[in-house]
Amino acid sequence: MFTIHVYIKNIKSFPSLQLTFLEFQCVRKSSEMAAVKLFAPVMSTAATRVVLCLEEVGAEYERVDIDLATGEHKSPAHLARNPFGQVPAFQDGDLVLFESRAIGRYVLRKFKSSDVDLLHGSSLEESAMVNVWLEVEAQQYDKAIFPIFFQVMVIPNIFHGVSDEKVIGENLEKLGRVLDVYEARLSQTKYLAGDFFSFADLSHYPITHFAIKFPQVAPLFEARPHVKAWWKSLESRPAVKKVAAKLPQLS
Amino acid sequence: MAAVKVFCYAISTASIRVILCLEEVGAEYERVNIDMATGEHKSPAHVAKNPFGQVPAFQDGDLVLFESRAIGRYVLRKFKASDVDLLHGSSLEESAMVDVWLEVEAQQYDKAIFPIYYQAMIIPCFYGGTTDEKVVEENLVKLAKVLDVYEARLSQTKYLAGDFFSFADLSHYPVTHFSITIPQVAALFDARPHVKAWWESLESRPASKKVAAKIPQLS
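Sequence order for the protein chains is P and Z. All residue numbers for the first sequence refer to the UniProt record's numbering, where the first residue is 1 and numbers rise by one. All residue numbers for the second sequence refer to the UniProt record's numbering, where the first residue is 1 and numbers rise by one.
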């Protein structure tokens, strides 16, 4: 797609308009660069992390479905993109990335603008706080909530197996302790990295979107007013609402 | 400039990750020992710095950080120099590759190797308990598959993020330093020539040698 820009230079205001110089330029508008591609099914929580980043920055993207049920994620074509045979994978021109948190960083950096900056990369201290709480999401929060999500949602629905209540119980305790730290933090700052919304907050959304509906998990958020308010503020973001509307319903 | 402070414990793999970054960039730092054997990591003073009651914590003036991979990023960015740049932050594409393989370290490698290290070394040596061999076996299988990906990758590039050494490589050092002494783990590395060569190149770095010399033996 091309846009033709007509530049008219040196118009002299004679009674009859004279065009002394016409310059035609065929320019490819930056927004019409090839869209980035995300290889993943809709239900993938890791893929949702990337989709949220793309929606927050307003980037053009194309989602290419990868059919987990038929093992497409283990196909040679997909392994060439993600050597661990997982979703998502991501492509921007010649650059192929995997691991959703790394892809997210790339998207948020490349498409950063004056009104959307979720990494605060220009501040050494602020970006350090974003990195701290991104690590907390991966090392503390996800390690507690993911086993619950896996036992409650994935095992019965995808593998038609029986949830391990012991695993659920142990991880609910862990999650409670993690959320105590979050409650204390969010009593001090509006968001996790500081008083500004960042990738650290956003990174929590995908798995929590599902887990918050579990009867075992909901009370942990209800009992912690700052965590509850923080979660509601995440849910109310336009990008989040748009992405949430496309996620599959839990049965 | 006041030296930065690392609140750490000598055998803590996460603490070692931060110390390595500081040594690579040649920054001045002060080690403050947090005695995990007496529960000091759960003391109010330490929890004020690391609310999860873990090591390390880090202080640079008024800034207090925790989570070793975040601290490492801060150190490597702040003390970056023309001859030491382990994040490649000025290149969007190269820093993206560093980020990918940093995530691989945390999400794939560590999740397989840490349980082996914990069962085979920490449980008997630190807690006087018994190794759960089933956990070790399951994770050796996982680690083998992860190392197959590494072998393929390192057949293409000299280091993980590309032909340049980066934080992504360095981040693997601490847990591997201990785990490579476990015979079943050493065997996995020996069977994969590019992985083995990569590990040996990590070990031979001056900063690694300096830090390794100060890590106590786990018996």
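Hints are computed from structural coordinates only; laboratory data are not their basis. The structure presented is a predicted model; accordingly, all values stated were derived computationally and were not measured. Incorrect hints may have been included.
To be verified - Restraint-style ranges between C-beta atoms, simulated for each label pair:
1) P:K190 to Z:S201: 43 to 49 Å
2) Z:S82 to P:K110: 34 to 40 Å
3) P:V42 to Z:P44: 42 to 48 Å
4) P:Q249 to Z:G89: 49 to 55 Å
5) P:I158 to Z:Q217: 41 to 47 Å
6) P:S163 to Z:K42: 30 to 36 Å
7) P:E222 to Z:K111: 44 to 50 Å
Where is the CB? At the ideal position from N, CA and C, for every residue including glycine.
Check the structure against each numbered hint from earlier and tell me which ones fail, lowest number first.
2, 4 and 7
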